[in-house]
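Protein chains in written order, with the numbering used here: chain A, 371 to 727; chain B, 371 to 727; chain C, 371 to 727; chain D, 371 to 727.
Check before you lean on any hint, since a few could be wrong.
Heads up, the list lumps identical chains together, so a pair's fine if it works in one copy or across two of them.
Claimed, not checked - Think about it this way: if two alpha-carbon atoms lie no more than 30 Å apart in a straight line, the pair counts; the simulated DSBU-like pairs of lysine-lysine are:
| no. | residue 1 | residue 2 |
| --- | --- | --- |
| 1 | K726 | K472 |
| 2 | K582 | K726 |
| 3 | K654 | K726 |
| 4 | K600 | K654 |
| 5 | K726 | K600 |
| 6 | K472 | K654 |
| 7 | K582 | K600 |
| 8 | K592 | K472 |
| 9 | K698 | K472 |
| 10 | K582 | K640 |
| 11 | K600 | K472 |
| 12 | K472 | K582 |
| 13 | K472 | K640 |
| 14 | K592 | K640 |
| 15 | K699 | K472 |
| 16 | K472 | K502 |
What the hints contain is simulated information worked out from the structure, not anything from laboratory work.
4 protein chains.
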Amino acid sequence: MNTDRSQSAPEAQEATTLMPTRPNQSESHAVSKARSGSLASSRTGSRTASLTGSVKSSRGGSAVGARSVGNMVKKAGTRVAASSAAAAQLAESASSNSPAMKDVQSASDNRNIAIDRVGVKDVTYPIRLRTKDGGEQTTVASINMYVALPHHQKGTHMSRFLEVLNDETSEPLTPDRIPAITRAICERLNAEEAHFEAEFTYFVRKLAPISKRPGLMDYRVKFACTANGKEDFIMSVAAPATSLCPCSKEISEFGAHNQRCRIEAAVRFKEMVWIEDLVEILEKAASCPVYAVLKRPDEKFVTEQAYLNPKFVEDIVRDLALALEGEKKIEWFSINSENFESIHSHNAYAQITRDKR
Amino acid sequence: MNTDRSQSAPEAQEATTLMPTRPNQSESHAVSKARSGSLASSRTGSRTASLTGSVKSSRGGSAVGARSVGNMVKKAGTRVAASSAAAAQLAESASSNSPAMKDVQSASDNRNIAIDRVGVKDVTYPIRLRTKDGGEQTTVASINMYVALPHHQKGTHMSRFLEVLNDETSEPLTPDRIPAITRAICERLNAEEAHFEAEFTYFVRKLAPISKRPGLMDYRVKFACTANGKEDFIMSVAAPATSLCPCSKEISEFGAHNQRCRIEAAVRFKEMVWIEDLVEILEKAASCPVYAVLKRPDEKFVTEQAYLNPKFVEDIVRDLALALEGEKKIEWFSINSENFESIHSHNAYAQITRDKR
Amino acid sequence: MNTDRSQSAPEAQEATTLMPTRPNQSESHAVSKARSGSLASSRTGSRTASLTGSVKSSRGGSAVGARSVGNMVKKAGTRVAASSAAAAQLAESASSNSPAMKDVQSASDNRNIAIDRVGVKDVTYPIRLRTKDGGEQTTVASINMYVALPHHQKGTHMSRFLEVLNDETSEPLTPDRIPAITRAICERLNAEEAHFEAEFTYFVRKLAPISKRPGLMDYRVKFACTANGKEDFIMSVAAPATSLCPCSKEISEFGAHNQRCRIEAAVRFKEMVWIEDLVEILEKAASCPVYAVLKRPDEKFVTEQAYLNPKFVEDIVRDLALALEGEKKIEWFSINSENFESIHSHNAYAQITRDKR
Amino acid sequence: MNTDRSQSAPEAQEATTLMPTRPNQSESHAVSKARSGSLASSRTGSRTASLTGSVKSSRGGSAVGARSVGNMVKKAGTRVAASSAAAAQLAESASSNSPAMKDVQSASDNRNIAIDRVGVKDVTYPIRLRTKDGGEQTTVASINMYVALPHHQKGTHMSRFLEVLNDETSEPLTPDRIPAITRAICERLNAEEAHFEAEFTYFVRKLAPISKRPGLMDYRVKFACTANGKEDFIMSVAAPATSLCPCSKEISEFGAHNQRCRIEAAVRFKEMVWIEDLVEILEKAASCPVYAVLKRPDEKFVTEQAYLNPKFVEDIVRDLALALEGEKKIEWFSINSENFESIHSHNAYAQITRDKR
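So here's chain A without its partners, still in its complex pose (with noise of 0.2 Å):
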């Protein structure tokens, strides 16, 4: 896709906070790496003045040099490697900060048509949070950043997205720093509106309700915030849990179908809420919430409770609607319920969106 202008040589800040890794991870590995790219190895340490400036050459004149190299290699047939000779002359050219390599991205556009999100989707990577305790926690996040591109301006400039990506995540995130990579979008980028999105795992660490056997609960996290002069930061957490249903248990002698279920909850607040905070009420909505590791005591009391604790799907988001209309810190939210029945293969599904503002 689309590249940068800038075209300089690696930053050695950048490359120090590119990972979350313990301090003995060395460099040579990441040196090595780069060495191994099959066509580069062949030019390394070969970057001499008189390489470079033949191919400059050959770019500003005829381009005989570099196209006869592709014709010899097309015509070598498809399985023939190019030869280490063209391969060095390639690199050379390629790395060649010649000023005939032409900005696309920054030519002008005359359609008239302003966009309003383009950036990078899906990409994965690795996210530091810091937890409610003040601990840290390490996940992976399916990332997505878009800027608003004006009318007149042809193309955004991708890769400046994953730079931006690869700074501002060497510290350990809390929701309420993501507005300020928002930003930080915005000014690389140099655009007036920018969008941040961050979907990954979170864990809790949960004891059994009886046996107090440890486990750890994962959720689904997503940040999601726009920033065009102020910003707009929206956090959802998703949460397993057991729901049982009441007219199954009202109507039946015995017994009532239960289900795994998955709460969801958007929210927008005013005061920092953390994930842990969410996990909570959102756990409280459903008949019961769901453990890692349940022991037999364990089992016993989450089936009684489930069935003590009867809730159609509406009452999930019923509950949870009332739960954080109490939560002074929250100013908007939209949740759901999705009842992955069993006694049935499709779902039950209800959702409720309330601006307190």
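Assemble the complex: chain A is given as a structure, and chains B, C and D must be docked to it using the hints.
Below, chains B, C and D without anything else, positioned relative to chain A:
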């Protein structure tokens, strides 16, 4: 999940319209299916007054009879299937149209919280569609159906959604029939507002550009409609296509990276637009359409066409926006393209929404 | 991808068998589709001997003509579409059955490495199936088709797989016709061994257990066949169902956790087994089947049936194994059940494979 | 699901090793989480002898107490939460280590059917891995853990799988530690055979080929191990890459279709192979590797490298097979490549399996 108050016997006319099959499908299969249901099979023909009566009285009374069946089976261990006598008794108990079988969903609710959407999600269902040329096509849809629930009502009647679906899909669908289906949900569920969503694969026969070999192209289509007095219908079509990067072409001596992309348009229209119409518009916005079958002369053609027609993801959405702005039938559109970049593991994405009204 | 040597004009008989549509589908649609293809449209009817000849000679000679078209367009900038004159010329160039168009796939390969499977994957395609009761059903399949490639051959001809698919699916499929389709791949691709795999949703009409309301249940089915002189065909069917935990029932004062599960059986058989037959066997192995439409008396029935019939995931696969061992038509099976535990966010799983031969 | 016989209090050492967090994570968080559990919170500190005793006796006796709680709540209607008194009583009932709480899983089974695999599937869990350069990396895995169950045993103890996972992941993983984890499952579950499977994203820092800008590439990795006296471990790594079609290049005047592909190698090795080692081998088999960050000179380089290095999907797997046959540490491999064709909506695929032993 919650069910319906109407507990009448199966209606023959529903049964006959249920499935898009050829006339030679007999009813005997469906009946044998039902009879093969484990417990149900033992009770066929046994709905005698005496049995029904005995269970009824036990429910009206102390419920000792059925409860003791449950205890008996529980004590008998987990592997032993219910005795056929017990099973028959339970089937009778369930089938008796007892006035004691409470309609929990119709109870009142005092939390004072209306629900925006509640219903069934991810119903997998076969649908027939009328094609633009007057033929028909059967495909498999994933369907969501929701209603708004007023604050005072405890729950909706989920099974009725499926009944609407069974009834309304007996005739081939066209985009302009979807509002009527959505209104039918309002009526059957007695709701002020209803939502209908269906997503499915739609096939269009397409000839290879040079050899004219026929092939079937698959497109993803979504219908989404809200009815609340008036109807708001949105149709989305997504087409796979080829995009070729203008920057890569410009700066490289030979070749240009290209990739599969996915171009999508959601539209509101005031005059009927066919899926086929949108497909045609979408494919023109790409560097080149994709095909199911390509012989060598075709492959040469599409390779060269894409190279002659380089487009950034920004170009694709802008050209598509231009085309849709020029299409008088269309009042509103939201379009996007996602390029599965051949030189990255992430995607490039652009999106534009415009209201022409 | 790679294409085929045979570059003849489109064959009418292929076109007519391509799509499972009603008789009133005219050919005019397909033709108009082809005409709407961007570049192709300008050349319709222009396949005159003179034009073809001129391009041919340019290819046979210095290739200056077509090459200069490319350069011209490249220099003209990235947004300007190819002129229609250039486009027509390219189409002619591609359509000319030039002896110079090399068949790269048929070249010899000297790496001495045979390929186990090579072909097309994830082809989305409509298929018609014969149902057990003699009717028909159209659904959408995801299809893979592969051949073994001997060490000396460079590549396979991918487009031929699609042509086999077009030809072989004109008649409704039954499980016992799959081996013939797989043999057809061997023949058309001139291969010693071929593989055919199709996965699709299959619908079975099912009446609610008490109210007898009709509904459509969806099952996931896979056909997988290898042909290499003899044929090896495996059919898999997966059914959603209800499982209820015996431990939870045993240790709890009331209730028992239950959930949707997915029970799957892959079988090799020596006498025809219908999808419907496997569905029936699968559903009997669960605590209770699931249904599309359930009214209140039905819901009472399935709730109680599941409670009376508690099964661990281990019990489900064992009972299913017992049933399949007792089924004489079946020679081999591999079965599994996955329970989407209502009290955990992970699943319980069990699997058994047995060869009865 | 089924649980374990051991019902002791939580063990402190398990708690401390549970999560890969920094030292400043205090235990207070986990404790407060547990306290926030709905019913459990009301009983903290209330485990007095008298209460426990009273519930115990009620269970040992007529079970009137707890049963009547259930009835009371059921009659109270579906929306009323259990009173806190009832909840506390239930929690006590569950926590009492009653000899009456039957271990259903340990019962004998008389169906005479052994189960090949039974256990937990799709456990989402954070894992830390040792990187080749001596550092560490935390990622999120989807984990399956199974045991073989002898014919005479009714069920396995699912919660123990999670306990093994908690225990064994306290130290950073390397591929050569997986067999020991699998043996630990055998021991803890008292099984003859166990299976461990983990799939996760692994990041490798990679410099752009010319600008040397750093970026993080994401690869999908699978560990799969069976232990049954001896261990059989298979490691799979999948890398995204670029493939460029030799046929398209050969027959076209300019350009060549190319696309993202996914190249995967599963290997058995006799000497330690790092994920990084396989990544390097995989990427060399493609037309060109892909990168996270590419500036313009990099984009020129990868475009031209791919064009100089055209490969059918067949070429990719053959070149990869050659490389793995030359790698002495590797004893067996199964490799495939899937090309997401830019000119089709389906994929091209090839696969080779070889045993070098």
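Against the structure, the hints:
1. In the homo-oligomer, the alpha carbons of K726 and K472 never lie at most 30 Å apart, since the shortest distance is 51 Å inside one protomer and 36 Å across protomers.
2. Taking the shortest alpha-carbon separations for K582 and K726, neither the intra-copy value of 38 Å nor the inter-copy value of 46 Å comes in at or below 30 Å.
3. Proximity of K654 to K726 under the C-alpha cut-off of 30 Å is restricted to the intra-copy arrangement: shortest distance 21 Å within a copy versus 45 Å between copies.
4. Taking the closest pair of Cα atoms, K600 and K654 never come within 30 Å of each other, the shortest separation being 34 Å inside a single copy and 38 Å across copies.
5. Both within a single protomer and between protomers do K726 and K600 lie at most 30 Å apart by alpha-carbon distance, with minima of 19 Å and 27 Å respectively.
6. In this homomeric assembly, K472 and K654 come within 30 Å of each other (Cα to Cα) only across copies, at 27 Å, whereas the closest approach inside a single copy is 58 Å.
7. Neither within a single protomer nor between protomers do K582 and K600 lie at most 30 Å apart by alpha-carbon distance, with minima of 45 Å and 35 Å respectively.
8. Proximity of K592 and K472 under a CA criterion of 30 Å is satisfied in neither setting, with 38 Å inside one chain copy and 40 Å between copies.
9. With identical chains, the CA atoms of K698 and K472 are never at most 30 Å apart, being 54 Å at best within one copy and 38 Å at best between copies.
10. When the C-alpha separation of K582 and K640 is checked against a cutoff of 30 Å, the pair qualifies neither within a copy, at 35 Å, nor between copies, at 42 Å.
11. Taking CA atoms no more than 30 Å apart as the test, K600 paired with K472 passes in neither setting, with 35 Å inside one copy and 53 Å between copies.
12. Proximity of K472 to K582 under the C-alpha cut-off of 30 Å is restricted to the inter-copy arrangement: shortest distance 20 Å between copies versus 64 Å within a copy.
13. When the C-alpha separation of K472 and K640 is checked against a cutoff of 30 Å, the pair qualifies neither within a copy, at 46 Å, nor between copies, at 44 Å.
14. Taking CA atoms no more than 30 Å apart as the test, K592 paired with K640 passes inside one copy only; the shortest distance there is 18 Å, against 36 Å between copies.
15. With identical chains, the CA atoms of K699 and K472 are never at most 30 Å apart, being 50 Å at best within one copy and 40 Å at best between copies.
16. Proximity of K472 to K502 under the C-alpha cut-off of 30 Å is found in neither arrangement, the shortest distances being 49 Å within a copy and 40 Å between copies.
In summary, the numbered hints that this structure violates are 1, 2, 4, 7, 8, 9, 10, 11, 13, 15 and 16.
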